[in-house]
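With the hints as extra help, turn the sequences into a complete structure.
Taken in sequence, the protein lines are chains A and B.
Per the numbering used here, the very first residue in the first sequence carries number 1; after that it's consecutive.
Per the numbering used here, the very first residue in the second sequence carries number 1001; after that it's consecutive.
In short, the hints are calculated from the structure, not lab data.
Ideal Cβ placement from N, Cα and C applies to all residues, glycine included.
Treat the hints with care, as some may be off.
[As the list claims (entries may be wrong)] Computed beta-carbon distance windows for the label pairs:
no., chain 1, residue 1, chain 2, residue 2, range
1, A, P15, B, L1289, 21 to 27 angstroms
2, A, Y49, B, R1362, 41 to 47 angstroms
3, B, E1163, A, V52, 36 to 42 angstroms
4, B, A1179, A, F25, 45 to 51 angstroms
5, A, Y49, B, G1022, 36 to 42 angstroms
6, B, I1374, A, M1, 40 to 46 angstroms
7, A, Y49, B, W1421, 41 to 47 angstroms
8, B, I1374, A, P15, 22 to 28 angstroms
9, A, R50, B, W1052, 19 to 25 angstroms
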Amino acid sequence: MSLLILPYIGLLWVPLYDFREPTLFGFPFFYWYQIAWVPLTIVLIAIAYRSVRDDE
Amino acid sequence: MTSEIDPTTLTVSLFCFLLVTGLGFLATRWRRPKAAYNIDEWGLGGRSFGTWITWFLIGGDFYTAYTMIAVPALVYAVGAPGFFALPYTIIVYPFVFAVMPALWKRAKAAGYVTSGDVVFGQFGSRPLELAVALTGVVASMPYIALQLLGMAAALKALGLQGEIPLMIAFLVLAIYTYAAGLRAPALIAFVKDIMIYVVVVAAVVLIPSVLGGYGAVFTSAEAAFTAKGSGGILLAPNQYSAYATLALGSCLGAFMYPHTLTGILASKSANTIRKNAMLLPIYTILLGLLAMLGYMGHAAGLKLDTPNDVVPALFKTLFPHWFAGFAFAAIAIGALVPAAVMSIGSANLFTRNFWKAYVNPRVTPAGEAKVAKITSIFVKAGALLVILYLPTQFAINLQLLGGVWILQTLPALLFGLFTKWFRAPALLAGWAVGLCGGTYLVWDAGWAPIHAVNLGSGPIAVYTGLVALVLNIAVASAVNVLVRGAGSARAPTAASGR
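Structure follows, in structure tokens:
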């Protein structure tokens, strides 16, 4: 569950990613970094999901 | 932007709209309950929706038609700050994962249908129940109005001027929601979301290839912002705190709205909600790409009356006629799902927390369904009147306030799930202070959602809803210490529902 804190740190600490370089497929870092957090968050929630699955 | 009627575009659009209308009426038979029709069946689809239906329903209800028009419009107008919707719709899911299964379990066990039910059940306080229910209804109204605004933008692009097309679309929506309840938007959401996916994928692949690739799109957007003297494709350091707090505040408020909560409570199990927290971020990729359409508007050199025209104008300029018709239908239909769920959520609140609480406490389950069905029509008619007779800016300002207000129901709705410390009078005091304080701050800033807060090291810009929430929790905690000191007993939890 504590892994779920990571997206909040990674996305709310804006100075971490407000850059142009490196670009990816023409996207400045600012954009592809944030989009990359989508699959990352899915993976983190999946890990949390496996750990609480049996609570019902 | 030109708005003559193109026969191909219009025909394709009308065909799609008719198809979906047919589906809406088919929904009265889809998963029809064996038991008598009650509010659980009409307003929550019998709490029977599994992972897939829930995924389409919440996705279709959370990423709305107004989003499709407004997010690219904001990005077109201001650039990078308009992207705060991207972190917002990522960090909302860990929150949903951690919190909403607990709320679902409590609601299922006690038969709660609305946020007001949850609050009354936990605290036994009619005033607190009324505060939460009223906030939910009031915050929903401008939100529905904005869905109609999104639909109006698509109809305008089709060349359908005037109020008649919007009223027809509204009437269709009202009738099948009345008949089928939450099953109608759930069924339509399948078609709507698939259409939207097709449109967005086509747009993000096709349009940059016409405009010379994403690198060129960003370059021309940046040139346009430089020429204009405001905005940019990166944030300025003084925008960081506004960006982060808008994302966080929106995330905390998102699932306090009656329509999103309805989607949660209609799920079959707590596990369905967890799986959806994991799968719903897929929509966020779509949203991020959709937001890029704002930049593509600059790259395509569009000349617009208003930024809200950027998406329709792009489709019209760069897509073949038939596909533009498909895209406009997708946006117009995209307004139906959230507008239906919002009116159902508000109708449930009215029925359970006004009608049953104050007018007719002995109302039967079938009677509840009847009241809710009729209320859903009044709610939609109200939103239609707002769009037809009040300036658009009024609905947008109200929606802004609605976001601040709905966030103030979070302590009353959620704190009781995790601690038994809080008492109703304290939460009510916190709600009142957060609501009034937040409203004052939004008004004081000239209807802007950002306020300067000084924490000692100079002022930083913070989302007003979050400022009001901090105030709310501080007041609730302080008053709670006082009322507990005075020996006020905690109200018994109404375990057996209402």
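Report the numbers of all earlier hints that the structure fails to satisfy, in ascending order.
3, 7, 8
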